Amino acid sequence: MRKPCCEKQDTNKGAWSKQEDQKLIDYIRAHGEGCWRSLPQAAGLLRCGKSCRLRWINYLRPDLKRGNFAEDEEDLIIKLHALLGNRWSLIAGRLPGRTDNEVKNYWNSHLRRKLMSMGIDPKNHRLSQKLPSCRSKSQANEHFQKVKSNGENDQVSDAASCVDDISPLPDLNLDLTITPSCFTTEREKQQQQKSNVLRGIESTSALTPTLPLFR
DNA sequence: AACTCCTGCAACCGCCTCTGC
DNA sequence: CGCAGAGGCGGTTGCAGGAGT
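In this text, residue positions in the first sequence follow our numbering: the first is 1458, and each later residue adds one.
No lab work stands behind these hints: they were computed from the structure. A quick note: this is a predicted structure, and the numbers were derived from the prediction, not measured. Glycine included, every Cβ here is placed at the ideal spot set by N, Cα and C. Some hints here could point you the wrong way.
Stated by the list, open to error - Below, a list of computed lysine to aspartate or glutamate pairs in the EDC-like style, where the Cα atoms sit at most 20 Å apart:
hint	residue 1	residue 2
1	K1507	D1483
2	K1507	E1490
3	K1561	D1529
4	K1507	E1528
5	K1480	D1520
6	K1522	D1578
7	K1561	D1532
8	K1475	D1520
9	K1571	E1528
10	K1480	D1532
11	K1580	D1520
12	K1507	D1478
13	K1561	E1530
14	K1571	D1529
15	K1561	E1531
16	K1571	D1520
17	K1580	D1532
18	K1571	E1559
19	K1507	D1557
20	K1522	D1478
21	K1561	D1520
22	K1507	E1477
23	K1522	E1559
24	K1507	D1578
25	K1480	E1490
26	K1522	D1532
27	K1580	D1557
28	K1580	E1559
29	K1571	E1530
30	K1580	E1531
31	K1571	D1532
What the hints assert, rightly or not - Quick list of simulated restraints, FRET-style, between CB atoms:
hint	residue 1	residue 2	range
32	R1494	D1529	17 to 27 Å
33	Q1498	K1475	14 to 24 Å
34	Q1476	G1576	15 to 25 Å
35	L1503	K1571	39 to 49 Å
36	N1525	C1492	33 to 43 Å
37	H1567	P1519	36 to 46 Å
38	K1522	D1478	17 to 27 Å
Kindly produce the complete structure, drawing on both the sequences and the hints.
Below is the structure:
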């Protein structure tokens, strides 16, 4: 059994109070982010470091854009989800002022339902009511077997196969270009390279996927 | 008005990855 | 190279508030 991230006794849990928020803000303004484990004690907070980090990143950071998602943000999330799967931090990285938690929540509460209501399987972005690009029963079976053998949880490869399989429909919005220059951190670049390898993309040059997106 | 059900979101948990030694 | 500690991430939970009956 793994050791807990911090001593569980003597730490507050649940919703943050205004005083706690203020302490965290004041401390980070004075000392900057980093060393989350020692931060609570230094800031006089009875919280674990992870909790402080989460609170700051998801709620207190000054550059956060709060409120409803714009239509273009929705589009981008759907496109990126088709490309990356549940890589919420990568997706959030493309949406200035949005956090991975926010994007994840928005996906689970709004976008997933929206896609389902349009007859699209939110897991793999395929039309769920009729199989795409299968002209005969045998082709459909073959397709089904292929999906099955890929495994349900392999969302990245699944999303990628969706890119391969689906022929463009008339009202699709297909404009998505991701170039390495937009990956701001080394970590993101590494993660993107990893996901490229997973999906069998060797070159890290511009990706211009063809994804099903309905407007 | 009271109750139940549903929805959205903040926060937690546990695993994975990275980094320094 | 292997280990341990810290940070980061995605999945899940729990609660508050709104909608419906």
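Hints and how they fare:
1. Proximity of K1507 to D1483 is assessed by CA-CA distance (about 18 Å); at most 20 Å being required, the pair is judged to hold.
2. Simply put, K1507 and E1490 have alpha-carbon atoms about 12 Å apart, close enough for the 20 Å limit, and the pair holds.
3. A threshold of 20 Å between alpha carbons decides the hint, and for K1561 with D1529 the separation of about 17 Å falls inside it, so the pair holds.
4. The suggested pairing of K1507 with E1528 is violated, with an alpha-carbon distance near 32 Å, which exceeds 20 Å.
5. A hinted pair counts as satisfied when its Cα atoms are at most 20 Å apart, and K1480 with D1520 qualifies at roughly 18 Å.
6. Straight-line distance between C-alpha atoms of K1522 and D1578 comes to about 29 Å, which puts the hinted pair past the 20 Å bound.
7. Only pairs whose Cα atoms come within 20 Å are accepted, and K1561 paired with D1532 is accepted, the gap being roughly 14 Å.
8. With a C-alpha separation of about 19 Å, the suggested pair K1475 and D1520 falls inside the 20 Å cut-off, and the hint holds.
9. Among the hinted pairs, K1571 with E1528 is consistent with the structure: their alpha-carbon atoms are about 13 Å apart, no more than 20 Å.
10. In summary, the hint linking K1480 to D1532 is not supported, as the alpha carbons are separated by about 37 Å, beyond the 20 Å threshold.
11. The suggested pairing of K1580 with D1520 is violated, with an alpha-carbon distance near 31 Å, which exceeds 20 Å.
12. Of the pairs offered as hints, the one joining K1507 and D1478 holds, with about 14 Å between alpha carbons and a cut-off of 20 Å not exceeded.
13. For the given pair, K1561 sits about 13 Å from E1530 by alpha-carbon distance, which is consistent with the 20 Å threshold.
14. Annotation: proposed proximity of K1571 to D1529 holds, straight-line Cα distance about 15 Å (limit 20 Å).
15. With a C-alpha separation of about 12 Å, the suggested pairing of K1561 with E1531 holds against the 20 Å cut-off.
16. Annotation: proposed proximity of K1571 to D1520 is violated, straight-line Cα distance about 28 Å (limit 20 Å).
17. As the CA atoms of K1580 and D1532 are separated by approximately 16 Å, the hinted pair is consistent with the 20 Å bound.
18. Taking the CA atoms of K1571 and E1559, the gap is about 17 Å. The hint holds against a cut of 20 Å.
19. Between K1507 and D1557, the direct Cα distance comes to roughly 15 Å. Compliance with the 20 Å bound is thereby established for this hinted pair.
20. For the given pair, K1522 sits about 18 Å from D1478 by alpha-carbon distance, which is consistent with the 20 Å threshold.
21. Only pairs whose Cα atoms come within 20 Å are accepted, and K1561 paired with D1520 is accepted, the gap being roughly 19 Å.
22. With a C-alpha separation of about 14 Å, the suggested pair K1507 and E1477 falls inside the 20 Å cut-off, and the hint holds.
23. Simply put, K1522 and E1559 have alpha-carbon atoms about 10 Å apart, close enough for the 20 Å limit, and the pair holds.
24. A hinted pair counts as satisfied when its Cα atoms are at most 20 Å apart, and K1507 with D1578 does not qualify at roughly 34 Å.
25. Between K1480 and E1490, the direct Cα distance comes to roughly 13 Å. Compliance with the 20 Å bound is thereby established for this hinted pair.
26. Among the hinted pairs, K1522 with D1532 is consistent with the structure: their alpha-carbon atoms are about 17 Å apart, no more than 20 Å.
27. Between K1580 and D1557 the CA atoms are separated by roughly 18 Å; this keeps the pair inside 20 Å, and the hint holds.
28. Proximity of K1580 to E1559 is assessed by CA-CA distance (about 18 Å); at most 20 Å being required, the pair is judged to hold.
29. Taking the CA atoms of K1571 and E1530, the gap is near 14 Å; set against the 20 Å cutoff, the hint holds.
30. A threshold of 20 Å between alpha carbons decides the hint, and for K1580 with E1531 the separation of about 16 Å falls inside it, so the pair holds.
31. Using a Cα cut-off of 20 Å, the hinted pair K1571 and D1532 holds, with the two alpha carbons roughly 12 Å apart.
32. Between R1494 and D1529 the C-beta distance comes to about 38 Å, which lies outside the given range of 17 to 27 Å.
33. Separated by about 21 Å at the C-beta atoms, Q1498 and K1475 satisfy the suggested range of 14 to 24 Å.
34. In this structure, Q1476 and G1576 break the distance hint of 15 to 25 Å, their C-beta atoms being roughly 49 Å apart.
35. Separation of L1503 from K1571 is about 40 Å and conforms to the stated range, judged on CB atoms against 39 to 49 Å.
36. Separation of N1525 from C1492 is about 35 Å and conforms to the stated range, judged on CB atoms against 33 to 43 Å.
37. Between H1567 and P1519 the CB atoms are about 26 Å apart, so this pair departs from the stated range of 36 to 46 Å.
38. Checked against the hint of 17 to 27 Å, the C-beta distance between K1522 and D1478 comes to roughly 18 Å, which is consistent with it.
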